[in-house]
Amino acid sequence: MVMLAAYSVWFYPFEIAFLDTSHHGELYLVDTITDLFFIADIALTFFVAYIDSKTNMMVYDPRRIAKRYLSTWFLMDVASTIPYHFLYHLFTGKQQFWLCYSLLGLFRFWRLVRVEHLFKRLEKNIKFNYFAVRCFRLSCVALFSAHCAACLFFLLAEENHGGRTWIDDIAKYGDETSIWLRYTVAVYWSVTTMTTVGYGDLRAENTRERIFITGYMLFNLGLTAYLIGNMTDLVVESARRTMEYRKSIEVASTFVNRNCLPRRLEEQVLAYMSLRFQAERLNQQRLIEELPKSIRRKVCRHLFLPSVQQVYLFKGVSLGTLMSLVSGMRAEYMPSREEVILRNERPDEVYIIVSGEVEIVSTTSDQSWLDGELTRLSLESLSSGDMFGEVDALCGKPQRFTYRTKVLSQVLQLKTTTLLEAMRSNHDDSVVIVKNFLHVSITLSLMTITNNAFDPIRFSPVYLWLFSLFFFNCGIHHTIQLQHYKMSSKILKNYGMVPFPDNELDEEETKITANSYSLLFLASLGNAFFLEELLKEGLDPNIGGSKGKTPLVYVISINNQHKIHYSMLVSVWYKDPV
1 MVMLAAYSVW
11 FYPFEIAFLD
21 TSHHGELYLV
31 DTITDLFFIA
41 DIALTFFVAY
51 IDSKTNMMVY
61 DPRRIAKRYL
71 STWFLMDVAS
81 TIPYHFLYHL
91 FTGKQQFWLC
101 YSLLGLFRFW
111 RLVRVEHLFK
121 RLEKNIKFNY
131 FAVRCFRLSC
141 VALFSAHCAA
151 CLFFLLAEEN
161 HGGRTWIDDI
171 AKYGDETSIW
181 LRYTVAVYWS
191 VTTMTTVGYG
201 DLRAENTRER
211 IFITGYMLFN
221 LGLTAYLIGN
231 MTDLVVESAR
241 RTMEYRKSIE
251 VASTFVNRNC
261 LPRRLEEQVL
271 AYMSLRFQAE
281 RLNQQRLIEE
291 LPKSIRRKVC
301 RHLFLPSVQQ
311 VYLFKGVSLG
321 TLMSLVSGMR
331 AEYMPSREEV
341 ILRNERPDEV
351 YIIVSGEVEI
361 VSTTSDQSWL
371 DGELTRLSLE
381 SLSSGDMFGE
391 VDALCGKPQR
401 FTYRTKVLSQ
411 VLQLKTTTLL
421 EAMRSNHDDS
431 VVIVKNFLHV
441 SITLSLMTIT
451 NNAFDPIRFS
461 PVYLWLFSLF
471 FFNCGIHHTI
481 QLQHYKMSSK
491 ILKNYGMVPF
501 PDNELDEEET
511 KITANSYSLL
521 FLASLGNAFF
531 LEELLKEGLD
541 PNIGGSKGKT
551 PLVYVISINN
561 QHKIHYSMLV
571 SVWYKDPV
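In terms of the UniProt record's numbering, the sequence shown is residues 1 to 578.
These are computed hints drawn from the structure, not numbers from a lab. All of these numbers come straight from a predicted model, not from anything done at the bench. Cβ coordinates follow ideal geometry from the N, Cα and C atoms, glycine included. Errors might be hidden in some of the hints.
Straight line, CA to CA, 30 Å or less: simulated DSSO-like cross-link-like pairs of lysine-lysine [claimed, not checked]: (1) Lys298 - Lys415; (2) Lys415 - Lys293; (3) Lys67 - Lys54; (4) Lys54 - Lys124; (5) Lys315 - Lys406; (6) Lys293 - Lys54; (7) Lys298 - Lys315; (8) Lys293 - Lys315; (9) Lys127 - Lys293; (10) Lys298 - Lys435; (11) Lys293 - Lys124; (12) Lys298 - Lys127; (13) Lys415 - Lys435; (14) Lys315 - Lys415; (15) Lys406 - Lys247; (16) Lys315 - Lys435; (17) Lys54 - Lys120; (18) Lys298 - Lys124.
Label pairs and their in silico Cβ distance ranges [to be verified]: (19) Ile126 - Ile51: 20 to 26 Å; (20) Gly215 - Met57: 42 to 48 Å; (21) Gly215 - Tyr272: 55 to 61 Å; (22) Asn206 - Pro62: 53 to 59 Å; (23) Ser327 - Thr232: 40 to 46 Å; (24) Glu289 - Arg264: 32 to 38 Å; (25) Arg301 - Met57: 29 to 35 Å; (26) Asp348 - Glu290: 20 to 26 Å; (27) Ser139 - Asp201: 21 to 27 Å.
Make a model of the complete structure from these sequences and hints.
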């Protein structure tokens, strides 16, 4: 129907101006078939459902559909479909139209509404380039205006049977009986007038032509403003992001110069602004947040669940708990060398690396950082499938290291409160999460420290920090908050089983000896509160290590090395554990 509408509105002005339909029966047949199609479309419209603008509900009632159509576009559709040429010939018996009857056929231009709807759908369709579709639409508007003006200008000259007209000047171009030559000359005049060039070789020769040309030039004022305004908007919109980038860089440069920041810090600020602009289109969180909850949950499951299932902390966790965690995650792209978590910071989020690489950095004092002379020592690198920030979430202690991206990285951000709430709501999954944390952060620590004769000074600072934080804070404090104290005691006993001397022991003696060795190890780290809890569990305080050292010796040793006040530990040691 759109193609038929385009044909009828384009060809009708040419037909009434340059052709005699009485000598072109095939054109009359094509016009009749086109009108029949539009008559059928009018009949079918009475059965097409519509959306009520007040209730936003689909209306299927035929009476309401017919009433709405009759009160809106029915009359214009009928007027644009009436075959005026056939009716004129039927009632008068003449083939030639009068000018007034010819102008009635211009009601066919109402069919342009269908063409406009097509262009609107194409502009909204992401499969087509918006700039190209918009330019094509504006070009069609300009060409159609020039075409109609050329046909009407020639029709005025044809209807003027007396006096001189502008057609008299066509003789200089050759055979004036050629239809295509006359049409070409008329379009030439129309385009030169539209573009305000006006060479003067074709001009009005009578009053009627002058009036028409005056109206056409006034129309061109509005048309030119419309075309230039739309083209300007398209060009400006295509360069909008570039202008925003330049403005952000200018603002950052002004800020740096006004505050006299060091050269190195200036480069970091400008580099970050540049990389943020480049990664802006990769940020999908804004779109996800606009989706309904049901769709957002499915999208998050498709995007994030495979990455979350690879993380060690969530191995063996039920799908329901994973979905509750995934639905609360946010995906962010971070440029290279961006410090995600700073030293001594207590982040509110846990981070999972989807792509890229993050390094764990040990830094110097804060004063050195302020002076711009920060010394960094890279301790370890994390890649896709790793996570960081979980120590603060489970242990409630600030970070001792800085986490910094090495390349452009995508990370999933999970609120600490969301993680703890998921652990509170599911007892079994909370046990699995704590066990996973212990397995990765502690098992290797026990093996390494055992091989080094319980010398914590020789142990890796990253794992030692993770281990001590968990045992000093997470093992008792957070599990009491979660009301799982008995569960924490069992986990401590299971994961506290370090190697002990090879001798024949029964099952009960094996448990006591293994847990006593865990007491020996924990004493080497030192924590009065936690030692007291383990003594209450019945662990032997007089167990000796491979070098004959007792837990009390390790407590005193820690006091000498780390200036820990051990009087409280000693009092705990000789306190009745029962």
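Now the hints, each set against the structure:
1. Lys298 - Lys415: Holds. Lys298 to Lys415 sits at ~20 Å (cutoff 30 Å).
2. Lys415 - Lys293: The hint holds at about 18 Å.
3. Lys67 - Lys54: holds, 16 Å
4. Lys54 - Lys124: Distance of about 24 Å is within 30 Å: holds.
5. Lys315 - Lys406: holds, 27 Å
6. Lys293 - Lys54: holds, 25 Å
7. Lys298 - Lys315: Since the Cα atoms of Lys298 and Lys315 sit roughly 21 Å apart, the hinted pair holds (cutoff 30 Å).
8. Lys293 - Lys315: Holds, because 26 Å separates the two Cα atoms, which is no more than 30 Å.
9. Lys127 - Lys293: holds, 27 Å
10. Lys298 - Lys435: Holds, at about 29 Å.
11. Lys293 - Lys124: holds, 25 Å
12. Lys298 - Lys127: holds, 25 Å
13. Lys415 - Lys435: holds, 21 Å
14. Lys315 - Lys415: holds, 19 Å
15. Lys406 - Lys247: holds, 27 Å
16. Lys315 - Lys435: holds, 10 Å
17. Lys54 - Lys120: OK: Lys54 and Lys120 at ~23 Å, within 30 Å.
18. Lys298 - Lys124: holds, 25 Å
19. Ile126 - Ile51: 20 to 26 Å: About 23 Å separates the Cβ atoms of Ile126 and Ile51, which means 20 to 26 Å holds.
20. Gly215 - Met57: 42 to 48 Å: holds, 46 Å
21. Gly215 - Tyr272: 55 to 61 Å: Since Gly215 and Tyr272 have Cβ atoms about 59 Å apart, the given range 55 to 61 Å holds.
22. Asn206 - Pro62: 53 to 59 Å: For Pro62 against Asn206, whose Cβ atoms are near 55 Å apart, the range 53 to 59 Å holds.
23. Ser327 - Thr232: 40 to 46 Å: Holds, at about 44 Å.
24. Glu289 - Arg264: 32 to 38 Å: holds, 36 Å
25. Arg301 - Met57: 29 to 35 Å: Taking Cβ atoms as reference, Arg301 and Met57 lie about 31 Å apart, which means the hint holds.
26. Asp348 - Glu290: 20 to 26 Å: holds, 24 Å
27. Ser139 - Asp201: 21 to 27 Å: holds, 26 Å
The structure meets every hint from the earlier list without exception.
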